[in-house]
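Go ahead and model the full structure; you've got the sequences and the hints to work with.
Chain by chain, the residues run as shown.
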Amino acid sequence: MAKYSIFSLLRNAASHHQNWDRAWRDNRPKPDGYDVVIIGGGGHGLATAYYLAKEHGITNVAVIERSWLGGGNTGRNTTIIRSNYLWDESAALYEKSLQLYEGLSQELNYNIMFSQRGVLNLAHNLGDVREGMRRVNALRLNGVDSEWMTAEQVKEFCPIINISKDVRYPIMGGTLQRRAGTARHDAVAWGFARAASARGVDIIQNCEVTGIRRENGKVVGVDTSMGFVKAGKVGIVAAGHSSVVAGMADLRLPVESHPLQALVSEPVKPVIDCVVMSNTVHVYVSQSDKGELVMGAGIDAYTGYGQRGSFHVIEHQMGALLELFPIFSRLRMLRQWAGIVDVCPDASPIISKTPVDNLFINCGWGTGGFKATPGSGFVFAHTIARGEPHALNAPFGLERFNTGHLIDEHGAAAVAH
Amino acid sequence: MTKDAFRGATGGRIDRSRPVTFTFNGRTYRGYQGDTLASALLANGVHLVGRSFKYHRPRGILSAGSEESNALIQLERGNRTEPNLRATQIEIHEGLAASSQNAWPSVETDVGSINNVLSKVFVAGFYYKTFMHPQSFWMKVYEPVIRRAAGLGKAPAEPDPDFYDKMHVHSDVLIVGSGPAGLMAALAAARTGARVILADEQNEFGGSLLGTREMIDGRPAADWVAAAVEELRAFPEVRLLPRTTVTGYYDHNYLILAERRTDHLPRGSAPKISRQRLWKVRAKQVVLATGSHERPLVFADNDRPGIMLAGAVRTYVNRFAALPGRRAVVLTNNDSAYAAALDMNDAGIEIAAIVDLRGHAGGPLAAEAKRRGFRVLTNTAITATHGSKRVTGVDVMMMNGPGEDVIGAPTRIDCDLVAMSGGWNPAVHLFSQSTGKLRYDDELSCFVPGVSVQAERSAGSCKGTFDLPACLAEGAATGAQAALAAGHGDGVAPAVPAATSVAPQPLRPLWIVPTTTPVGHGKAKHFVDFQNDVSAADVLLASREGYQSVEHLKRYTTTGMGTDQGKTSNVNALAILAKSLASPIPQVGTTTFRPPYTPTTYGVLAGRDVGELADAARVTPMHSWHVAHGAAFEDVGQWKRPWYFPKGDAQGTEDMHAAVRRECRAVRNGVGVLDASTLGKIDIQGPDAAQLLNRVYTNAFLKLDIGKCRYGVMCKEDGMVMDDGVTTRLGPNHFLMTTTTGNAAKVLEWLEDYIQTEWPDLRVFLTSVTEHWATASIAGPKAREVVAELAPDLDLSPEAFPYMSYREAVVAGVPARIFRISFTGELSYEINVPAQHGLHLWENIMRAGEKHGITPYGTETMHVLRAEKGYIIVGQETDATVTPQDLGMGWVVSKQKADFIGKRSYTRKDTARSDRKQLVGLLTDDPNEVLPEGTQLTAIADGHAPVPMLGHVTSSYFSDTLGRSIALALVSDGFNRMGQTIFAPLGGGKTVSCAVTKPVFYDPEGVRLHG
Ligand SMILES: Cc1cc2nc3c(=O)[nH]c(=O)nc-3n(C[C@H](O)[C@H](O)[C@H](O)COP(=O)(O)OP(=O)(O)OC[C@H]3O[C@@H](n4cnc5c(N)ncnc54)[C@H](O)[C@@H]3O)c2cc1C
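Taken in sequence, the protein lines are chains P and G.
The letter at position 13 of the first sequence is residue 13 when you use UniProt numbering, and the numbering goes up by one with no holes.
The letter at position 450 of the second sequence is residue 450 when you use UniProt numbering, and the numbering goes up by one with no holes.
The reader is advised that the hints may include incorrect statements.
Quick list of in silico lysine-lysine cross-link-like pairs, PhoX-like style, CA-CA up to 20 Å [claimed, not checked]:
1) P:K353 <-> P:K218
2) G:K851 <-> G:K647
3) G:K54 <-> P:K269
4) P:K30 <-> P:K230
5) G:K903 <-> G:K716
6) G:K154 <-> G:K54
7) P:K218 <-> P:K230
8) P:K54 <-> P:K3
9) P:K269 <-> G:K140
10) G:K280 <-> P:K290
11) G:K895 <-> G:K716
12) G:K54 <-> G:K389
13) P:K269 <-> G:K154
14) P:K290 <-> G:K154
15) G:K523 <-> G:K120
16) P:K165 <-> P:K155
17) G:K120 <-> G:K54
18) P:K165 <-> G:K640
19) G:K120 <-> P:K3
20) P:K290 <-> G:K140
21) P:K96 <-> P:K54
Just so you know, these hints were derived from the structure itself, not from any lab.
Set out below in structure tokens:
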């Protein structure tokens, strides 16, 4: 794989950019099959394949994607990356991921534009304040950066925000994680694909997995639209379609699939230099490098697989947006879309072995898994390679729904994105 | 002021009796009522209006409509400024102030154009390949520079002075677009008596007819349009919506329309009406007559100001009498540009040449062009364009057979205008949003509507029907059918007016026009997406690097991601991609068309739900009294609740702590009164009412006696506390449940969910009565005296009216429900009266209590008093991870009941653990130290992160009653830690030690309560 750098760019400019390699190889399934097949070519699936190759030396791996790489939630999300989770288990997992993000452009030799511009979570009532303080204290003791901001400090950090007392839900303060921020979502998928491909992983696009074959309670391969693919181990990383794919192995998951919408404005010159999230008035917003205001809110209440949301959800979040930023009123919505998110009852992921031997699953990231992409791949690769979870994902097994050891980030949570 | 030197002497739909002056980049110009900013600028000879996104290339006006990708404008200044508006859609009015954007210091001399010099390096996706070293430079250097260079216009710096509103309407037939097909459809549908809405994004109806010189029924098409509109206006059930863009097509024929109501009027002169209005339409049937967009041709340096779409030039000369140039070269692969050339010529523009990519120019239009002596060059390409801020000429060369290369030497043709046409794309955006499937038409070389999914029909050029008589006929048929499907008329199309048909010659799809060097090799750029500066070379590069899905292509190159959403670029881009992959175009497919059709103002999406209407504020019937008595309020859900009642005098006003101490003292020693109206109240009736309660509460409810109250805890299926409250049996089949203030709606929904989905056999009905009753809670040792005075007929003796029971009586002259329940630990009566008597009740309580020093208290005092008693608050002591057992409330969980929601979970391994986080009391070693709520607790006094945590402080107050601080906390294995010392590290090096105690600090035997 030719290295990307300013020098390679200049060199290629001289040859009219005719000599660039493919970013990743586009493969058809190998007749002999693979040691590991990953179902789902989103960020998590690709990261898993990358770390299988890099950390565990397992390179006879295929990532099978039914459509185009990164076309699921990876390519639809609002790219907020933070690790300020309440519970110890979550903080450790997301913090690992944040740390991996911090060097990911260099590691993958692909600029994923990780921009640590800070994430503010606003408090609008006494309950929010109490909850914010609790979180800041827990994070401090967990060694994760986080600070409490008064309303005035919020304003100082994000000057265009409205902290007037004369609004319906005045801002009473907020928490700030300075190391949090955003990254370019497509680049995360493409960067992992390129780096995995360079290590020998096969990337198979436009190939839908239609069945999971088992013999004696053990996985032997997957049926696909390109035929049967033999596999020693199989990892399901299918986000919104997890239940469907797991169903192919007769597994029922405690997961609901809901639409989650996002939208962007037309590009404008920089006006907001951080991410602002509010659970109480329910909207969150950041500005992309291109200048678009990127925003979203909560899931649509109904379940389904149509990647279209309901319009009233947009209307509602606009009211919230203009509460926080009255100067945005004359800006315009350019594009709106939805993804299908896989929500667990406790709003925490499942990264786990399954009752079927050699079948593993990574799902339930719901509205907030982009931030976890490298960390999730790292621990899932470990789980698949060793057949046992990594210490960081041990608490996130399927068995927690039997034992009751849930990691409920809902009840205590600010916006779960 | 510059005179509009490029204005034809006659003609056009402008009002020459109403000249309009406006400014552009600070200079004053003249236009006319009826001009768009684009037409007025062209009439003044202004072509350079903007700079492109990435390379800051000079750009002019490409189109005459909403598909414009170049001419983006910052309109006005101050609180009404607006970025990124399309000059082609801005209606000018007196005093309008427009300026270019994304250029510094000016559009003429833009420093950013240095990027153009570097464009060989700044190719598609270059930023993914560099800016990685050193790591810290991304945030510090590279990204700030990129961000400053990116973005187009500027956001306003002040709040919007205008307001917006919304309308909800139902219609039989919604017709989108008012060209010949749309108007004809509207006439056909309206004549059946159907409720018709006709919406068009332009200021006038007529669509494409406004920009051509077609004849209908032997008279100018404009006359026919005027007559049609007049006829439509006369139907009472027809609603005409000009300046209204249908932006979104959602499920179940739900469409969103955005109407611009005042933007065309001089600022400030507008009447006090909403600036824009969002129409939310549920249509039985939809007719899409949205027309088509002309495709640019992808040739070398096709982006200079003065290079325009041929149809747009035609519109400017016909509709606005504006001359985009004096001497034009026309470049085309189809017949429509010939019609444009003829109209241009009639308007006085010299046609220097028609460069036709096809080998042969046949048909009547070409014949007429030749008859007029135009130089028609077939099988010829434009291989270069000259000029920088305005095109000054082109080079043309013959092409080889397949059109992949050029032969011979270039010939230069001088011109100040290039009119291009690459064919037409039906505007299938709304069809596609409706989830209809597109089909690629090889003959027309465009995507057309295929299979419909919703109740919708397409008509006219949005369906690939480009011939005028056919458009009219299709409109008539579609309108009649849509009306019939909506229950009106007989479905028979009305008679169609006469128009002439011109059978077009086939188009030549040549997606890249060749030049002397291979694409991407020379200096020239073949632009595909003008706004985002994506060239054919970028598309080919992406394809070469494996970004071959059309979505990858879009994302890697950013083609089609500009404010025009690729209306002019998408098909060219995917055709070039298809060619590079040697795949047929339909196999490559399109990207998803996403709403909105054109960008939609945030303000209008929010409508009136801003400011104080952002969310309903709920207040109790006693609210005015609280306001008059200086209460500080707390938001609890949507409710405004008195938080505390500070006393003020000349010296100043009490702070919260002083007020709360005073209020607490009053309740513990005398009497206080709390407005408890906000608590959720659900009236439960039916033969199975008790059964329902028995299933949703953890404790038993079947045998609750009439007139008795019982505290209950409600859990989720996982056994975690969800809500609590007191429920009272009012009759054999009648209960009143109370919930917490914040959860009232959630609990009702939860119960309904169970009744409707899990237990449909239960005969029980729920009604929210929260707002039907006003509630005053009178608490304190003197509460009985106060109530006795208000309800002289009621026997208040503890025997006759014991704790946890209920009576009905007349209180202060009104019928009331009285509950002897307590959240303070004191003797307490909760008096409920119908809401309209709430204020009356409250005032009477204050009067009756005056001699006892009755003190109104707020939520903060309530919190302190209940914490002294160890009563929990759901959402404060609980967070969806806490069982009743964890709260030390195992007594509320029935061991006898066969089942209730959550029961199963208590036997789960983790839920059954005895060392879970449990509710305890905390007493700081220093009695004056009040721990902040949310403080985490540890077993060791000091440590380095990660420090294991035992739990956290859920509630913490200074207790006036006890003369010291108290706290409640959830602590691991808390029940076994009684008497132990644990630590509260507060940060900044300060750690507080505290003793674990029982969570009941006051009157643990409950003597006062029963008093
Ligand atoms: C609108 C929106 C906003 C969001 N915002 C944020 C945010 O700000 N921060 C954050 O951290 N997270 C956010 N998320 C969540 C985040 O996007 C996801 O959690 C994360 O991207 C999931 O990645 P993934 O790789 O698991 O899933 P995906 O990217 O969805 O990948 C799963 C892949 O599996 C493929 N697949 C499915 N079935 C099959 C099959 N049978 N055969 C083959 N392939 C199959 C799919 O095509 C898909 O490509 C957001 C999500 C949405 C929708």
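Against the structure, the hints come out as follows:
Taken as a hint, the K353 of chain P and K218 of chain P pair is honoured in the structure, with Cα atoms around 12 Å apart against an allowance of 20 Å. For the hint linking K851 of chain G to K647 of chain G, the alpha-carbon distance of about 18 Å falls within 20 Å, and the restraint holds. Of the supplied pair hints, the one linking K54 of chain G and K269 of chain P holds, its CA atoms being roughly 13 Å apart against a limit of 20 Å. With a C-alpha separation of about 9 Å, the suggested pairing of K30 of chain P with K230 of chain P holds against the 20 Å cut-off.
With a C-alpha separation of about 9 Å, the suggested pairing of K903 of chain G with K716 of chain G holds against the 20 Å cut-off. A C-alpha spacing of about 16 Å is found between K154 of chain G and K54 of chain G, which places the hinted pair at or below 20 Å, so the restraint holds. This hinted pair checks out: K218 of chain P and K230 of chain P have alpha carbons roughly 12 Å apart, not beyond 20 Å. Only pairs whose Cα atoms come within 20 Å are accepted, and K54 of chain P paired with K3 of chain P is accepted, the gap being roughly 17 Å.
Annotation: proposed proximity of K269 of chain P to K140 of chain G holds, straight-line Cα distance about 18 Å (limit 20 Å). Simply put, K280 of chain G and K290 of chain P have alpha-carbon atoms about 31 Å apart, too far for the 20 Å limit, and the pair is violated. Taking the CA atoms of K895 of chain G and K716 of chain G, the gap is about 17 Å. The hint holds against a cut of 20 Å. Under the criterion of a C-alpha separation no larger than 20 Å, the hint pairing K54 of chain G with K389 of chain G is consistent with the structure, at around 17 Å.
Restraint check for K269 of chain P and K154 of chain G: the C-alpha separation of about 5 Å stays at or below 20 Å, so the hint holds. In summary, the hint linking K290 of chain P to K154 of chain G is supported, as the alpha carbons are separated by about 13 Å, within the 20 Å threshold. Between the alpha carbons of K523 of chain G and K120 of chain G the distance comes to roughly 8 Å, so the proposed pair stays at or under 20 Å and holds. Distance restraint check for K165 of chain P and K155 of chain P: the Cα-Cα separation of roughly 13 Å lies within the 20 Å cut-off, and the hinted pair is therefore satisfied.
Taking the CA atoms of K120 of chain G and K54 of chain G, the gap is about 12 Å. The hint holds against a cut of 20 Å. For the proposed pair K165 of chain P and K640 of chain G, the alpha carbon gap of about 14 Å is at most 20 Å, so the pair holds. Under the criterion of a C-alpha separation no larger than 20 Å, the hint pairing K120 of chain G with K3 of chain P is consistent with the structure, at around 19 Å. For the proposed pair K290 of chain P and K140 of chain G, the alpha carbon gap of about 17 Å is at most 20 Å, so the pair holds.
With a CA separation close to 17 Å, the supplied pair K96 of chain P and K54 of chain P stays within the 20 Å bound.
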